[in-house]
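*Asks:* Take a look at the letters that make up each chain.
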Amino acid sequence: MSQKIVLELNAVSKRYKTELALKDISLTLSEGEILGFLGPSGAGKTTAIKIITGQLRQTSGEARILGTASENLDASIYEKIGVVSDNSGVYEKMTVQRNLEIFAGILEVPKSRVTEVLQQTGLYEHRKKPAGKLSRGQGQRLVLARAVLHRPRILFLDEPTSGLDPATAVQIHEMLLALKKEGMAIFLTTHNMEEAACLCDRVALLCRGQIAELDSPEALCIKYNTKKQYRVRLENNTEVTLTESPEDIGKLTEYLKENKVVTLHSCEPTLEQVFLQATGYRLNVDQGNNQKHSGETRRKGVVR
Amino acid sequence: MKAIKKTWAVAAIKYEALVHNMAVLTGPFMTIGLVLLMRFIYQDKSDGTIHPEALASLLVLGISLNMCMNGVAMVSSLIAEEKEKHTLRVLMTASVTGGEYFAGTILVPLLLTVGVNLLILPITGCTVSGAGLAIYFVITVIGAATSCVIGMIIGIYSKNQMSASMLCMPVLFVFTLIPLFSGLIEGLEKITGYLFTGVLSEAAGEIAQGRVYHLDAFQTAVLIGELVIAVLVFLLAYRKNGYEKD
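From first to last, the protein sequence lines stand for chains E and C.
Under the working numbering, the first residue of the first sequence carries the number 1, and numbering increases by one thereafter.
Under the working numbering, the first residue of the second sequence carries the number 1001, and numbering increases by one thereafter.
Think of the hints as simulated: they come from the structure by calculation, not from any bench.
Even glycine gets a Cβ: it sits at the ideal position worked out from N, Cα and C.
Hints should not be assumed to be uniformly reliable.
Here are the in silico distance ranges between beta carbons for each label pair [claimed, not checked]: (1) E:16 x C:1166: 46 to 54 Å; (2) E:183 x C:1170: 28 to 36 Å; (3) E:133 x C:1173: 34 to 42 Å; (4) C:1019 x E:281: 47 to 55 Å; (5) C:1190 x E:68: 52 to 60 Å; (6) C:1003 x E:132: 26 to 34 Å; (7) E:59 x C:1133: 54 to 62 Å; (8) C:1160 x E:127: 48 to 56 Å; (9) E:15 x C:1003: 34 to 42 Å; (10) C:1228 x E:112: 41 to 49 Å; (11) E:18 x C:1228: 48 to 56 Å; (12) C:1216 x E:18: 38 to 46 Å; (13) E:67 x C:1159: 33 to 41 Å.
Some chain C residues close to chain E (C-beta under 7 Å, calculated; not the full set) [unchecked claim]: (14) 1013; (15) 1053; (16) 1090; (17) 1094; (18) 1095; (19) 1214.
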């Protein structure tokens, strides 16, 4: 846990005329960590990224990235960080490879790295294709490939899988976890709770510009698991929900002894439900957040 | 060295965008075609010669069109495309500074505009050499640079290529039509002296008639001053609009 802190926000606030977009945001991000910044549209996620990366000035508070205060950042910071937004464009008439070669030139990266990244992102076979002919998922992988071309120390991802099909989203998740293993710090904004639970070491639940909770997804789910329950599917295809009462514990022990249990799930709340409890607001539920179970299904398809 | 590499990369992007954009590429060909057509109309049908005043107006027409169609319109379209496709922010977040973006963006259109300005001379049939050619070269380079930078400002304030075309119209009217019609309307003659295209037109007209032209202090100030102002406005617009209104 002695990883180096690469990003630090200390009571950062941002006001747009009459609207308060961010209020007293404090957090840190360490090397090899994925931090999720979760909230509905308009919660202030993109504003936070813009402040941290020097694209926008905060109204008060301090933001430090790689040891430099955000107000002192210049263009050279982008040689150490990568930024992916949900509308990052590509040069559509250039080939996939040329798109990366251009940025390899800008970021002083050897051309061999282009081939390496093309292979990592599964775009090698599409390298001769004009970028405008790529599918949305392939296009997003190209954007990601470009952002990691120079092996940034921090990667900022603003809704990286927004609008992508589940299979492509899983491919991108796998890429991000591989980058994390290499020691890259990742700052991820999303309103997809399933994605956050899959990827993030810690999540900040953001609502109306304020952080309501900041901890690991597991810790938050346990914290908000006030009514402990277990859902049991039995051999005769019936499903029963048991509490921690002595009577129910006795029943559960009996089912287990008699080998009647087919499945057994703890019923701690999902991150979506935690968000609702912590903020009183519901997140968008169109991102495939229809899981009923907690622990197991959160990690489906991705091994951290 | 780093800055040169980044500038070169931006120039490569612009070059590739240009060769793939037929609408923009037709500009130089249209200018040359129009000058050829007008020369055919103006020339004496019996011996193919052109009256020096007609030659002067042909050259003025050529460089005015070139400055605006190629300088202003081409550059504004290239930048607007970048905003439309959300690649301008990508460049900004890939460590490209305002200065590098400026230099890289202006390089190819500037070379093209200056090239067409030089090509117009033999096409119109102007025989300029020595000091006249040197002055023509210098003032058209400055004029081409100013028109390219004005195109960049329009591009950076545009949301897409369509709005860039719309924003170009009033600018083109001011910088092209005022010098062209200044000889016909008295009020315009006073205004044209304050425009870089006006100074260029006057110089080109004189050079085309075989006279040695010298810029006076006021004309030099107009040419240089408008270029400097355009560059400053662009850098300000890049910082403000490029980031926050992309």
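*Asks:* Determine for every hint whether it applies to the structure shown.
*Replies:* Hints, verified against the model:
Remark: the range hint 46 to 54 Å for residue 16 (chain E) to residue 1166 (chain C) is contradicted by a beta-carbon distance near 28 Å. Take residue 183 (chain E) and residue 1170 (chain C): their Cβ atoms lie about 54 Å apart, and the range 28 to 36 Å is violated. Distance hint check: the CB atoms of residue 133 (chain E) and residue 1173 (chain C) are about 39 Å apart, consistent with the given range 34 to 42 Å. The hint said 47 to 55 Å for the Cβ distance between residue 1019 (chain C) and residue 281 (chain E), and at roughly 50 Å that hint holds.
Judged by the Cβ atoms, the range 52 to 60 Å given for residue 1190 (chain C) and residue 68 (chain E) holds: they are separated by roughly 53 Å. Here the CB-CB span from residue 1003 (chain C) to residue 132 (chain E) is close to 30 Å, well matched to the stated 26 to 34 Å. Distance hint check for residue 59 (chain E) and residue 1133 (chain C): the Cβ-Cβ separation is about 58 Å, which falls inside the suggested range of 54 to 62 Å. Distance hint check: the CB atoms of residue 1160 (chain C) and residue 127 (chain E) are about 29 Å apart, inconsistent with the given range 48 to 56 Å.
Taking the beta carbon of each, residue 15 (chain E) and residue 1003 (chain C) are about 36 Å apart, inside 34 to 42 Å as hinted. Checking the proposed 41 to 49 Å range against residue 1228 (chain C) and residue 112 (chain E) shows it holds: the Cβ atoms sit about 43 Å from each other. For the pair residue 18 (chain E) and residue 1228 (chain C), the supplied restraint of 48 to 56 Å is violated, since their beta-carbon distance comes to about 38 Å. With their beta carbons about 54 Å apart, residue 1216 (chain C) and residue 18 (chain E) fall outside the hinted range of 38 to 46 Å.
Hint check: residue 67 (chain E) to residue 1159 (chain C), Cβ distance near 37 Å, so the stated range 33 to 41 Å holds. Interface restraint check for residue 1013 (chain C): the shortest CB-CB distance to chain E comes to about 6 Å, inside 7 Å, so the restraint holds. Annotation: interface hint on residue 1053 (chain C) violated; nearest CB of chain E at approximately 45 Å, more than 7 Å. Interface hint at residue 1090 (chain C): satisfied, since its Cβ lies 6 Å from the closest Cβ of chain E, which is below the 7 Å cut-off.
Annotation: residue 1094 (chain C) was flagged as interfacial toward chain E, and the flag holds, the nearest CB pair being 5 Å apart, inside 7 Å. Checking residue 1095 (chain C) against chain E by beta carbon gives a least distance of about 4 Å; that is within 7 Å, so the hint holds. The beta carbon of residue 1214 (chain C) is not positioned within 7 Å of any beta carbon in chain E (closest approach about 42 Å), and the interface hint is therefore violated.
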